[in-house]
Amino acid sequence: EALFRSYFGLEVLVKRALAEMENVTPWTETPPPTPLRYDDLVTETPGPATLARLSVDDQTVWTMQEAAALFVAAGDVLAARTKAHLSPTAEPSPPQAPLVFDKDDLEVMQFVAAAASLRLGQFDIAAQSAFQIRAMAGNIVPAVATTNAVIAGLVVVEALKLILNGVVDTKDSDERQERLARSTNAYLNKHWSGGRKIALAKVERPNPECYVCAHPAVSVALDPASVTLGAFVRAVLKRHLHFTQPSVTLGDTNLVYEEGDDLEELAESELKKAADVIAASTRRLLEAAERNKAKVNMDGLDDIDITGAILEAATAISQACSSLVQSAAKAQSERTDAKKTGKAMYRKDPMWANGLISAAQNVAGAVQQLVISSNKAVNGEVEEVEITAAAKGVGAATAQLVAASRAKAADPFSSTQVSLKKAAS
Numbered sequence: 001e002a003l004f005r006s007y008f009g010l011e012v013l014v015k016r017a018l019a020e021m022e023n024v025t026p027w028t029e030t031p032p033p034t035p036l037r038y039d040d041l042v043t044e045t046p047g048p049a050t051l052a053r054l055s056v057d058d059q060t061v062w063t064m065q066e067a068a069a070l071f072v073a074a075g076d077v078l079a080a081r082t083k084a085h086l087s088p089t090a091e092p093s094p095p096q097a098p099l100v101f102d103k104d105d106l107e108v109m110q111f112v113a114a115a116a117s118l119r120l121g122q123f124d125i126a127a128q129s130a131f132q133i134r135a136m137a138g139n140i141v142p143a144v145a146t147t148n149a150v151i152a153g154l155v156v157v158e159a160l161k162l163i164l165n166g167v168v169d170t171k172d173s174d175e176r177q178e179r180l181a182r183s184t185n186a187y188l189n190k191h192w193s194g195g196r197k198i199a200l201a202k203v204e205r206p207n208p209e210c211y212v213c214a215h216p217a218v219s220v221a222l223d224p225a226s227v228t229l230g231a232f233v234r235a236v237l238k239r240h241l242h243f244t245q246p247s248v249t250l251g252d253t254n255l256v257y258e259e260g261d262d263l264e265e266l267a268e269s270e271l272k273k274a275a276d277v278i279a280a281s282t283r284r285l286l287e288a289a290e291r292n293k294a295k296v297n298m299d300g301l302d303d304i305d306i307t308g309a310i311l312e313a314a315t316a317i318s319q320a321c322s323s324l325v326q327s328a329a330k331a332q333s334e335r336t337d338a339k340k341t342g343k344a345m346y347r348k349d350p351m352w353a354n355g356l357i358s359a360a361q362n363v364a365g366a367v368q369q370l371v372i373s374s375n376k377a378v379n380g381e382v383e384e385v386e387i388t389a390a391a392k393g394v395g396a397a398t399a400q401l402v403a404a405s406r407a408k409a410a411d412p413f414s415s416t417q418v419s420l421k422k423a424a425s
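When the sequence shown is numbered by the UniProt record's numbering, its final residue is 425 and no position is left out of the sequence of numbers.
Just so you know, the hints here were simulated from the structure itself, not pulled from any lab data.
Using N, Cα and C, we set each Cβ at its ideal position, and we do this for glycine too.
Take the hints with a grain of salt, since some may be wrong.
Dumping the calculated SDA-like pairs for lysine to any residue here, alpha-carbon to alpha-carbon at most 25 Å [claimed, not checked]:
#1 103 with 119
#2 190 with 154
#3 202 with 185
#4 376 with 288
#5 15 with 34
#6 197 with 183
#7 421 with 1
#8 392 with 16
#9 376 with 395
#10 272 with 399
#11 330 with 417
#12 197 with 149
#13 272 with 369
#14 161 with 186
#15 273 with 365
#16 197 with 156
#17 376 with 396
#18 161 with 150
#19 421 with 37
Simulated restraints, written as ranges between beta carbons of each label pair [as the list claims (entries may be wrong)]:
#20 126 with 44: 22 to 30 Å
#21 236 with 181: 31 to 39 Å
#22 87 with 225: 49 to 57 Å
Take the sequences, apply the hints, and build the full model.
Spelled out as structure tokens, the structure:
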């Protein structure tokens with residue numbers, strides 16, 4: 001249900017809102033995509049007879065209700081399969097991998113066909129039967145793997161050339177460069193060029209001034225009594241030498257710093273800071289609402305009811321965001337604890353951690369902007385459209401946070417993830 005609401009509802013709303021905010025109209029020749037409401041399409045749980053009929057009859061174009069029902073049913077089966085696969089008691093090599101595309105896997109194909117049918121309906125594209133979707137998906141996925149296999153084969157051929165030419169065994173750097181110059185880079189063109197699909201190019205000699213393809217030594221004089229390792233990384237490696245994710249070693253093996261060591265702990269801290277900011281914003285809204293109630297009691301003006309509605313809606317959004325960020329912070333705490341105990345499911349990923357930090361900051365900033373816009377609207381300083389834009393900004397920011405938080409959960413089925421799912425919906 002959460003996946004349906006996010007993918008077919010929230011994502012489309014965010015895309016349309018961003019297009020409106022940026023004054024961009026990408027849907028000039030076709031109507032804009034229509035967000036789908038889960039409650040409108042999935043009115044009841046389909047029975048076994050209905051699912052069996054839809055599974056067998058793959059030549060008929062499904063209705064949106066049928067596609068939604070099958071999407072939920074197949075999604076539940078795949079979720080259960082994944083949960084069993086991740087269970088501590090699962091077999092080392094389960095007979096059926098949980099999330100590997102196979103056009104002959106009934107539940108996987110039902111899920112793909114149902115999602116495609118719903119997406120076609122959203123964008124007002126002619127519907128296709130499950131059989132037609134299966135044929136298209138069966139062609140697309142192997143094509144990607146085949147293309148990769150072609151390039152992998154070319155890589156192996158060139159690697160064999162390097163070995164046979166003695167490049168690997170040659171100690172002299174000049175001789176190695178000469179032998180490398182006889183090698184070839186191979187590229188697979190998207191379009192035919194000169195009657196060829198594969199283009200060949202000679203290997204360029206390394207630039208002696210490049211920090212990557214050459215091996216220059218940079219001497220830096222520092223006072224170890226006053227310059228910390230962190231200052232060295234920030235001021236020298238990143239700011240001056242423009243490294244993005246540097247590592248620092250003493251000798252050949254003693255790694256003393258690697259980018260991302262503290263980022264995941266920092267992400268947890270940033271989530272907690274965001275929760276505090278949102279809590280403060282919520283308090284401001286509640287205080288404004290109390291002042292508004294007092295004003296209503298004194299003069300009873302009708303237009304004050306609009307003010308109360310604005311503050312009530314903004315407060316509800318702010319409180320929902322507070323619950324969401326608190327759940328995300330707890331989920332990140334579980335992830336860092338799993339890493340410390342050696343139970344982490346995913347490798348360290350600085351880019352992902354930075355994305356989570358950015359998402360937390362964006363949510364806090366979006367809620368603050370919503371509070372500012374609400375207060376201005378109450379005072380008659382801005383139009384209501386600015387509040388709408390601010391609310392849409394909150395929706396976009398929270399969607400990013402939910403995606404980042406759930407992407408690498410320590411336990412995708414933990415109570416924290418369930419709370420995160422509820423807060424997101």
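Here is what the structure says about each hint:
1. 103 with 119: Since the Cα atoms of residue 103 and residue 119 sit roughly 19 Å apart, the hinted pair holds (cutoff 25 Å).
2. 190 with 154: With a Cα-Cα distance of about 16 Å, the restraint between residue 190 and residue 154 holds, given a limit of 25 Å.
3. 202 with 185: holds (6 Å)
4. 376 with 288: holds (12 Å)
5. 15 with 34: holds (11 Å)
6. 197 with 183: holds (19 Å)
7. 421 with 1: holds (9 Å)
8. 392 with 16: With a Cα-Cα distance of about 10 Å, the restraint between residue 392 and residue 16 holds, given a limit of 25 Å.
9. 376 with 395: Satisfied, since the Cα-Cα distance of roughly 20 Å is no more than 25 Å.
10. 272 with 399: The given pair, whose Cα atoms are some 18 Å apart, holds under the 25 Å limit.
11. 330 with 417: holds (9 Å)
12. 197 with 149: holds (15 Å)
13. 272 with 369: holds (19 Å)
14. 161 with 186: holds (13 Å)
15. 273 with 365: Roughly 11 Å between the alpha carbons, so the hint for residue 273 and residue 365 holds.
16. 197 with 156: Within the cut-off at roughly 18 Å; holds.
17. 376 with 396: holds (22 Å)
18. 161 with 150: holds (17 Å)
19. 421 with 37: Measuring from Cα to Cα gives roughly 17 Å; hence the hint holds.
20. 126 with 44: 22 to 30 Å: holds (28 Å)
21. 236 with 181: 31 to 39 Å: Given range 31 to 39 Å: holds, Cβ gap about 34 Å.
22. 87 with 225: 49 to 57 Å: For residue 225 against residue 87, whose Cβ atoms are near 53 Å apart, the range 49 to 57 Å holds.
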